[in-house]
Amino acid sequence: MAQLAKNLLRSYPWATTPFIVSAPMRVMAGPALALATSRAGGLGFLGPTVKTSDMVADLEKVSATLKSSATSSNSPSGFNDISSKTASLPIGVGFQLWSDDLEAAASAIHKFKPCAAWLFAPREGQRDIEEWSRRIRSASPGTQIWVQIGTITEAKLLAQSSEQPDVIVVQGSEAGGHGRAKDGLGLMALFPEVADVLADTHIPLFAAGGIADGRGAAAALCLGASGIVMGTRFLASTEARISKGYQDEIVRASNGAITTTRTLLYNHLRGTTGWPEPYSPRTIINRSFIEHQAGRSFDELKELHDQATKTGDNGWGPEGRLATYAGASIGLIHEVKDAASIVHDMSGRAPFIVPALKKHTATVIMAHGLGDSGAGWVGLAQNWRRRNKFDEISFIFPNAPSIPITVNMGMSMPGWYDIAHLGRDMGFEELQQNQDERGILKSRDYFNTLIKEEIDKGIDPSRIVLGGFSQGGAISLFTGVTNTRKLGGVFGMSSYLLLAERLKEFCPEGELPNQKTPFFLAHGMVDDVVKFEFGDMTQKHLKSLGFDVEFHSYPDLPHSAEPAEIEDLENFISKVLPPQSEAGAAGL
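In this text, residue positions in the sequence shown follow UniProt numbering: the first is 1, and each later residue adds one.
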């Protein structure tokens, strides 16, 4: 996982990865959607409202809901108490700068202290963004500033600004609602160039526009995004503040390249004026637009539109006339789900795979830790790719299912097995008690399936390395120790050995085929999650059983990874999985 993303999660301690955000869609993103998204491990934003009083009412509702559920176990750790001194609401608020009142916004933020404020659509460009940023930071220092951009020009201005945001949302032209009218660019081309422009600022970048499922999220993360923003997908959520007819059209429509367009027509039919010239909304095409293109007068279209507002849900659809602001990703949305399911679906999917660039001769399977996802570690393989390392190796980053975690008050999150207790005062022997044997064995079966799939592709087991971080490292060590096949290597970072005293019960006929397989263990000496003692006891226990273990310790490393550790891991992989051509030459 990129260090920027890790640092970002410290500001949003309840968030899981990939970091999923529900966009501040005007009116339609209300308290229910914002809270549901944040409770699920993402970050929900309230959308701009028609009147300031409506915004205050939304914030009051969020605050009241949180107070009434402050002791509830339905919220993830860190959700209700992100900070008692700086920001008190674990949701964000969005503002349209050209139409919203700065002083009213600052007053509301000072009173309620949301964790983030999203700034968009300034009339005076960068000058407005800087003025709003200063005022909001003065009103609530703990509220982070998010700024949405859609062009390289905007990125360059932010890079030069003396009032830089905490997060930048890079929105591609595929997005729904109001985006760049003429100078927009698709996310796949826009994001990397923006990232290059802003590289020296070290500001986390979130990707938006055209993302509606895990595939889009994976692509954005591969581009270097610290998180994912979705709007249209959350319109098809049970918590969206939206008419059924509108929502039905989001689910029905497909082929967004043809069935959506950018036009000001629907703004004008609704009586919405004043948007700055660079912006225009994307909407699903219906009778209003078709007849407008055919030459029907605006006055006639306006009359028919106003009549349609009185027909309820029939006002939307192919034969409808009402605005259906939506992105080009509509063809990827097939059903209405609750926000939590949408957030969890983004990580509950097939493994992320970074394929070999040359002939595939080896595979590394790397498992993420509790609450993380495979996407969080894709950057590791990408970094090696940029340095022309491991061209023959295919990297697999599996995703754990979302399961209830006892130590997390029973809340569901991505995990390879349940953890009942993991405290600073716990000893290694206590750690071995009450372990989730059923979950551990189920995950071991899954990793054995991944290994078998690689063998079926023609990869020799001796050319397969299995490992992971934290909980992912623990399940990898257990799977490696008890595996029926001799693997090329096994590694665990900030991890520990599961079911240590009963290992032979889970081995083939009590044997340990991987005793001579190289094991790599690495642990930070100030780890306050998985204590250094656990890693040290693990390496000693494995050595006592005759395993070939190299153990690395890092004096100032907490529960994380650092460059020196990654370099050591790189050296380990280089040693156990040399290029096939070199291995062949050595045998001549």
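Be aware that one or more of the hints could be misleading.
Said to hold, decoys possible - Only pairs whose alpha carbons sit at most 25 Å apart, straight line, appear in this in silico DSS-like list of lysine-lysine:
1. K457 with K504
2. K182 with K51
3. K310 with K359
4. K452 with K575
5. K442 with K389
6. K457 with K359
7. K486 with K543
8. K442 with K457
9. K575 with K358
10. K359 with K244
11. K543 with K504
12. K486 with K504
13. K358 with K337
Said to hold, decoys possible - Computed spacing ranges between beta-carbons, pair by pair:
14. S254 with V526: 51 to 57 Å
15. R387 with S254: 29 to 35 Å
16. T449 with D196: 52 to 58 Å
17. K452 with P555: 52 to 58 Å
18. I152 with G458: 42 to 48 Å
19. P558 with K156: 33 to 39 Å
20. M409 with I152: 32 to 38 Å
Hints listed in this document are in silico derivations from the structure and should not be mistaken for laboratory results.
A virtual CB, placed ideally from N, CA and C, is assigned to each residue, including glycine.
To see whether the hints hold, each was checked on the structure:
no.: 1; hint: K457 with K504; verdict: violated (30 Å)
no.: 2; hint: K182 with K51; verdict: violated (29 Å)
no.: 3; hint: K310 with K359; verdict: violated (63 Å)
no.: 4; hint: K452 with K575; verdict: holds (23 Å)
no.: 5; hint: K442 with K389; verdict: violated (33 Å)
no.: 6; hint: K457 with K359; verdict: holds (12 Å)
no.: 7; hint: K486 with K543; verdict: holds (17 Å)
no.: 8; hint: K442 with K457; verdict: holds (23 Å)
no.: 9; hint: K575 with K358; verdict: holds (19 Å)
no.: 10; hint: K359 with K244; verdict: violated (52 Å)
no.: 11; hint: K543 with K504; verdict: holds (15 Å)
no.: 12; hint: K486 with K504; verdict: holds (16 Å)
no.: 13; hint: K358 with K337; verdict: violated (41 Å)
no.: 14; hint: S254 with V526: 51 to 57 Å; verdict: holds (52 Å)
no.: 15; hint: R387 with S254: 29 to 35 Å; verdict: violated (41 Å)
no.: 16; hint: T449 with D196: 52 to 58 Å; verdict: violated (40 Å)
no.: 17; hint: K452 with P555: 52 to 58 Å; verdict: violated (40 Å)
no.: 18; hint: I152 with G458: 42 to 48 Å; verdict: holds (44 Å)
no.: 19; hint: P558 with K156: 33 to 39 Å; verdict: holds (36 Å)
no.: 20; hint: M409 with I152: 32 to 38 Å; verdict: violated (45 Å)
In this structure, the hints that do not hold are numbers 1, 2, 3, 5, 10, 13, 15, 16, 17, 20, in rising order.
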